[in-house]
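Visitor: Here is what each chain is made of, one letter per residue.
2 protein chains.
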Amino acid sequence: MSTAKSRPLPRLVIEDVTPELDAGRYPVKRTLGDVVEVSANIFKDGHDLISGRLLCRGPGETEYREFPLDYDFNPDRWSAKFVADRLGVWQFAVEAWPDPFRTWVSDLKKRLGAGQDITVELLEGAALVRIAAKSRSGALAQRLVDAAKQLADASLGIAPRLELAYSAALTRDMDGPLIPEERSAYARVLSVVVEREIAKFGAWYELFPRSQAKEPGRHGTFADVEERFPELAALGFDVIYLPPIHPIGVSHRKGRNNAKTAQPGDVGSPWAIGSSEGGHDAVHPDLGTIADFDQMVRTAADFGLEIALDFALQCSPDHPWCKSHPDWFFVRQDGSIRYAENPPKKYEDIYPINFWCTDRDALWKACLELLLFWIGHGVKIFRVDNPHTKPLAFWEWVIAEVRQLHPDVVFLSESFTRPNRMNALAKLGFSQSYTYFTWKTSSQDLRDYVTTLTSTPLTEYYRPNFFANTPDILHEYLQTGGRAAFRIRLLLASTLVPTYGIYSGYELCENRTVAQGSEEYFNSEKYEIRQRNWNLFGNIKQDISKLNRIRRENPAFHSLFALTFLQTEYDQILAYLKSSPKTEGSPQGNDLVIVVNLDPHRMHECMIHVPLEKLGMGEDELFEVEDLLTGIRHTWRGRRNYVRLDPNERVGHVMRILRKH
Amino acid sequence: MSTAKSRPLPRLVIEDVTPELDAGRYPVKRTLGDVVEVSANIFKDGHDLISGRLLCRGPGETEYREFPLDYDFNPDRWSAKFVADRLGVWQFAVEAWPDPFRTWVSDLKKRLGAGQDITVELLEGAALVRIAAKSRSGALAQRLVDAAKQLADASLGIAPRLELAYSAALTRDMDGPLIPEERSAYARVLSVVVEREIAKFGAWYELFPRSQAKEPGRHGTFADVEERFPELAALGFDVIYLPPIHPIGVSHRKGRNNAKTAQPGDVGSPWAIGSSEGGHDAVHPDLGTIADFDQMVRTAADFGLEIALDFALQCSPDHPWCKSHPDWFFVRQDGSIRYAENPPKKYEDIYPINFWCTDRDALWKACLELLLFWIGHGVKIFRVDNPHTKPLAFWEWVIAEVRQLHPDVVFLSESFTRPNRMNALAKLGFSQSYTYFTWKTSSQDLRDYVTTLTSTPLTEYYRPNFFANTPDILHEYLQTGGRAAFRIRLLLASTLVPTYGIYSGYELCENRTVAQGSEEYFNSEKYEIRQRNWNLFGNIKQDISKLNRIRRENPAFHSLFALTFLQTEYDQILAYLKSSPKTEGSPQGNDLVIVVNLDPHRMHECMIHVPLEKLGMGEDELFEVEDLLTGIRHTWRGRRNYVRLDPNERVGHVMRILRKH
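Just so you know, the sequences run in chain order V and A. Heads up: the first sequence at position 119 corresponds to 119 in my numbering, and the numbers run straight through without jumps. Heads up: the second sequence at position 387 corresponds to 387 in my numbering, and the numbers run straight through without jumps.
I should point out that these hints are in silico values taken from the structure, not numbers from a laboratory. Please read these numbers as outputs of a predicted model, since none were measured by experiment. There are no misleading hints in this set.
If several chains are the same, the list does not tell them apart, and a pair holds so long as it fits within one copy or across any two.
Lysine to aspartate or glutamate pairs mimicking DMTMM-like chemistry, simulated, CA-CA at most 20 angstroms apart:
(1) K346 x D117
(2) K440 x E476
(3) K110 x E348
(4) K380 x E197
Sequences and hints are given; from them, build the entire structure.
Guide: If you want it as C-alpha cells, here you go:
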C-alpha cells in the first residue's frame with residue numbers, strides 16, 4: 001500500500017484548459033496581434049476562495065508574463081487573455097491555489113455584518129499572514145511579519161486592525177499561494193504558434209511563369225511575370241503562387257495533354273524537377289537567372305504582392321541528386337532507382353525520395369537547406385506539393401526548423417487525401433491547407449463542409465484555402481455552368497473563408513477538359529505553354545476586384561469562425577451571415593449577409609431568414625442593407641426577406657447590414 | 001538548430017484513441033464481462049499498408065494480451081476489442097507500424113495481374129525478409145533466413161517462390177515491425193477500471209434501521225432490519241442503503257424537525273457521528289452489536305441483497321478523535337476546535353476534519369482503515385456523504401487504495417454541487433453518483449438532462465443513480481402531485497437510467513414537508529424514529545415490484561447509452577426508446593418504448609413517433625407492442641401511434657416491441 005505522502009497531492013483541480021489541441025501535442029494557431037483567450041475549469045473541495053493566473057511567454061522570452069484569472073459563474077470557467085504580439089511559438093500555463101487569506105477577509109465581513117465577535121478571527125488572520133511570511137523574503141517578508149503583529153495586537157482595538165485587514169497593500173502582499181505546496185498547475189504547458197496575417201487571410205493567384213510572355217510562342221520569363229503585377233495588384237490579390245520554377249527533366253518527359261512521350265519542343269511538366277541544369281535550388285534557364293528571380297520578388301513587394309513558391313520534393317531521373325545521392329532514393333535489388341508507382345501503374349518520369357534512407361539526416365538537412373535557400377531569396381510562402389506522400393515526422397521537423405529561424409514563413413499544404421491525414425498535416429505545422437471545396441457544389445454539401453471547417457475543433461489549427469480551380473481540378477460544375485458558374489464559385493470561395501485562390505484562366509472562364517468525365521484541362525499548362533488574352537470578352541475580373549476590395553474592407557471576412565448559415569425557403573439559394581464583433585475600429589461591428597444562387601442556369605427567388613437574435617434586432621424592425629457588389633440599398637423588415645437572383649445578371653448579393661434608421 | 005537524429009521520429013501517427021478520458025489522466029469505467037472496444041486514427045504518408053495491435057493487461061497481470069487491429073474505411077478508424085474479465089484497473093496501449101512485407105505481397109499480386117516482370121520484385125521481397133531476420137532470434141530468425149534465400153533463388157523458378165511469398169507461415173513469421181524502430185505507440189498507456197455489475201445496474205432502497213421496529217416506540221435494531229429483507233427482496237431491490245449506524249453525539253444535538261435544542265429522548269441525527277460510545281468504527285448500541293451487524297449482512301446476502309453503508313467523514317464534538325487527535329480538526333488560535341460554518345451560519349454539532357493538517361498522513365490512513373474495517377464486516381458498497389467538502393486528492397487516493405485490495409467495492413458519491421465538481425468526483429474514482437434528477441420535472445428539463453448523462457463523454461465515467469427522493473429532498477412535484485406523482489417519478493427513475501433508488505416512505509407516497517417552500521420532510525427521520533405501516537392503503541409497491549422485474553428481464557435497461565427521446569405531439573407526454581443490440585442471449589435485440597404522462601393531475605392523449613429507422617421497420621409496417629406493466633398487447637402501425645394516459649389509472653407504458661407478424 002502506498003502512503004499518502006508518497007504521491008504529489010494537488011489542492012485543487014485544473015482541467016479542460018482551452019485552447020488545447022490533442023492533449024498539448026500540437027500548438028493551436030493564431031495570427032500576430034490576436035488576443036489569445038485562455039480558460040479552464042478550476043475547483044476544489046469546500047467553499048474557500050480560489051486564486052489563479054495565466055502565465056505566458058513569447059518566443060525567445062525567458063520570463064513568463066502573468067495575468068490573474070477571472071471567474072465567470074456561468075459557465076463555471078476561469079479565464080485570462082494575452083496579446084500575441086510576437087511571431088513564433090508561445091507557451092502558456094495555468095496555475096491556481098486556494099486563497100485562505102481572501103477567504104478570511106470575505107468571511108470577516110460576513111461575521112461583522114452578523115454582529116459576531118471577531119476577536120479570535122483577527123488572530124486567525126494574523127496566523128495566516130505569519131505563515132505567508134515564511135515563504136516570502138526581504139522587505140515583503142518583513143512587511144508581512146509586521147502586519148501579522150498588528151492584526152494580533154489587541155491593544156490597538158478593532159478599527160485599525162480591520163483597516164489593515166481590508167487594505168489593498170496587504171491584499172497585494174498576500175497574493176499567491178499561502179505556502180508553495182498549495183500551488184497547483186495544469187498538467188501541461190501548452191503552446192500557440194503565432195503567424196503573419198497572410199497565414200489566415202489572403203487572396204491567391206496561381207500562374208505559370210512560362211506562359212506569361214506577350215509575344216506568341218516565346219517562353220515566358222520572370223520579367224514577363226513582373227509585367228502582370230500591376231493588374232494582379234489592382235485585382236486585389238495578395239499572393240502570386242508559381243508552380244515549380246526549376247529545370248525540368250528530359251527522361252520520360254511527358255508530352256502535351258499528358259502524352260506518354262514528349263515531342264520535340266515539348267516543355268515538360270514543371271513538377272518533374274531537376275536536369276543537368278540543376279535541381280530544386282536552380283531556376284529554369286528559360287525563365288531567367290536567379291538575379292532575375294530576385295528582381296521579380298522585389299517588384300512584387302513594390303506592388304504589395306508576395307511570391308509563393310512550390311515546394312515539390314520529388315525528382316526527375318535527371319535531377320543532380322540522382323548522381324550525387326542515389327542512396328536518397330529507393331535503390332532496387334538490381335541497383336536501379338525505383339520510379340514512382342501505384343502498382344500496377346508506373347510513373348517513370350518521377351523518382352520518389354526515400355525519406356527513411358540510411359543517410360536520412362543529411363537528406364532531411366538538404367531539404368531544409370532548399371527552403372532556407374529560397375527564403376534567402378525573399379520567398380516567405382511555400383505551397384507544398386503532396387505533403388501526405390512524405391513522412392509526417394519530416395514535415396513537423398522541417399517546419400519547426402524553419403519557423404525557429406524565420407517565424408514569418410507560411411506553409412500551404414497541397415494535400416487531397418482522407419480528412420485524418422489532411423488534418424494531421426495542419427496540426428503538425430502547416431499554416432494553411434487545401435480543401436475539398438472544389439467538389440462541394442450542392443447547398444447541403446457546402447453547408448456541411450463549411451460548418452465542419454468553421455465551427456468544430458478544426459478551427460484551432462486548420463486554415464482552409466479555398467482554391468476555386470487548380471491546374472489539376474476543373475470541376476464539372478465549372479465545365480457545364482458557363483460564365484455564371486465561375487462567378488458563383490468565385491463569390492463562394494472569396495466569402496466563405498478568409499483565404500481563397502484561383503488558378504489563372506479562371507478569370508477567363510476557361511472550361512474545356514481533355515476528356516469527358518475528366519477534371520483535367522484541355523491543353524493543360526502542366527505540359528505546355530499557354531498564352532492568353534487577359535482581356536477576353538466575358539472575363540470576370542470586375543467581380544474579382546470588387547470581391548477582393550470588399551473582403552479587405554470588411555473585417556467579418558477576416559475571420560474563419562464568424563459564419564452562420566441562414567435558413568432559405570428554396571434549396572438552390574444559399575445564404576450565410578458573416579459577423580465580426582464591435583471593436584474600437586468598427587464600433588458598429590460588421591455584419592454581412594451573403595446570398596448566392598447556386599444554379600448557374602436559372603433565376604430563383606425566395607425568402608431568406610435573417611437571424612435577428614444574432615443581430616440584436618426586433619421581429620418587425622426595419623433596417624437597411626447595402627449590396628456591396630452594386631452599391632444598391634434595400635430596406636428589409638424583420639426575419640423573412642425577399643431575394644431574386646438571375647444568374648445572367650447577378651449570381652449573388654453581399655449585403656452589408658446598416659443599423660436601424 | 002537541432003539535428004533530425006536528436007528527436008524520436010515516429011513512422012506513423014496514432015491519435016484520438018478511444019476510450020480516453022482527459023488525456024489519460026483518469027480511467028474510463030466498465031463492468032465485469034464488458035467487451036472493451038478500443039479504436040484509433042492511425043495513418044502514415046504514402047500508400048504502404050499499416051499493421052497494428054491493441055495491448056491490454058488486467059490487474060495483476062504481468063504480460064500484455066495482444067489483439068490485431070482491424071481497419072474500417074468508414075469512418076477511417078482502426079479498432080480491436082478485449083473482454084474485461086477481471087475486476088480492477090486495466091491498462092491498454094495501441095501500437096502500429098508500416099508493413100512493407102504485406103505491402104510487397106499485395107503489390108506483387110497486382111504486378112502479376114498486369115503481367116509485369118517480377119524478377120527483381122522477388123529479390124526485393126527476399127531483402128525485406130532478410131532485414132526482418134536481423135531483429136528476430138532463434139528458430140524464427142533461421143526460418144526467415146531460409147525463406148529469404150528461397151525467394152531470391154532464381155534457380156527455383158517463379159511458382160514455388162510465389163507460393164512461399166503468399167504462404168500463411170511466412171505471413172505469420174513476418175508479423176510485427178520490419179525493424180524495431182518502425183514501431184510507433186500511442187502517446188499514452190490508458191486505463192479502464194472494471195467494477196461489478198452493481199456499479200452500473202441496480203435498485204436501491206434507503207432505510208433508517210432505528211425506524212424498523214414493529215413495536216411502537218421501540219428503537220429499531222439490525223434484527224428488525226433483517227425482518228424487512230423478505231419484502232424488500234420480493235420488491236426487487238438489490239441494495240439496502242443505511243444512513244450512519246454509529247453512536248450519535250450529544251453536544252449541540254438537534255431536536256425533532258431540526259430544532260436547535262434537543263428535548264430529552266430525542267435521538268439526534270445519525271450524521272452527527274461519534275460519542276463516548278465510539279466513532280466511525282462503532283455501531284450505535286441501540287441498534288445492536290457488531291456481531292448483530294455481521295448477522296444482518298449475512299441474512300441480506302441470503303436474500304440477494306447487499307448492504308450499503310454511509311461513509312460520512314465528519315465528527316460530532318463527542319467523537320473519540322476530538323480527544324485522541326484534536327490536531328485532525330481545525331484548531332483555532334484560542335485552542336478551541338472550529339465547528340462547521342458557512343459564515344455567518346454556524347453548525348455547532350459538527351466538527352469538519354482538517355484533511356491538510358500536519359498529521360495528514362496518519363489521518364488519511366485512519367480514514368482508509370475505517371473503510372477496510374467495514375469491508376472486513378462484509379460491506380462492499382459505500383454511499384459517501386458530501387464528498388465535495390473533502391479534498392478531491394483524498395478521494396482519489398483512498399478509493400485507489402481500497403480498489404487495489406478490494407476491486408469489488410463500490411462507491412456512490414452523494415454530491416450536489418456544480419457539475420464540474422460532481423463530474424470530477426466521478427472521474428477520480430467514484431463508481432456512481434447522485435444527480436439533479438429530483439429537480440428535473442418538466443419534459444424539456446428531463447430530455448436535456450438525461451441526454452447529457454446518456455450521450456456525452458460523461459458516459460465514460462459518470463454513472464447516475466436516480467434517487468426519486470432522499471431524506472433531504474422531497475420535491476414540490478411529489479408534495480403536490482399525489483399518488484400519481486410518486487408513480488410517475490418511480491417510472492422515470494427506474495427506466496431512464498440503469499441505477500435508481502428510493503428512500504423509504506416513498507412507496508407510501510409520503511409527501512408532507514416541514515414548511516411551505518421547503519424540501520425537508522415533516523417529522524423527518526433524520527431527527528426522530530418514524531415507524532410505518534408498510535401496507536398502508538394507496539402504497540405503490542406493486543409498481544415497484546413490476547418495474548424491478550421488468551428492469552431485470554430486459555437488457556435494454558442495463559445500459560446507460562441506449563436511450564433515445566422520441567418526438568411526441570404533446571409536451572406533457574414524454575417518450576423514449578431503450579434499445580439493446582442483438583446478442584446470443586437476445587437474438588431479436590430488446591427494444592422498449594417508455595411513455596410517461598408527466599402531468600399527475602390530468603389525462604393526456606397524443607401521437608408519439610416511433611423511430612422506425614432505428615428499429616429497421618418500414619413506414620407502414622404493422623407491429624405488436626406489449627405493455628409490460630399490464631401484459632396488454634396493442635397493434636401499432638408505422639411511425640405515429642396513439643397513446644392515452646389517465647394518471648388515475650396508469651401513468652405510463654413500458655411497451656416492448658415485438659417483431660413483425
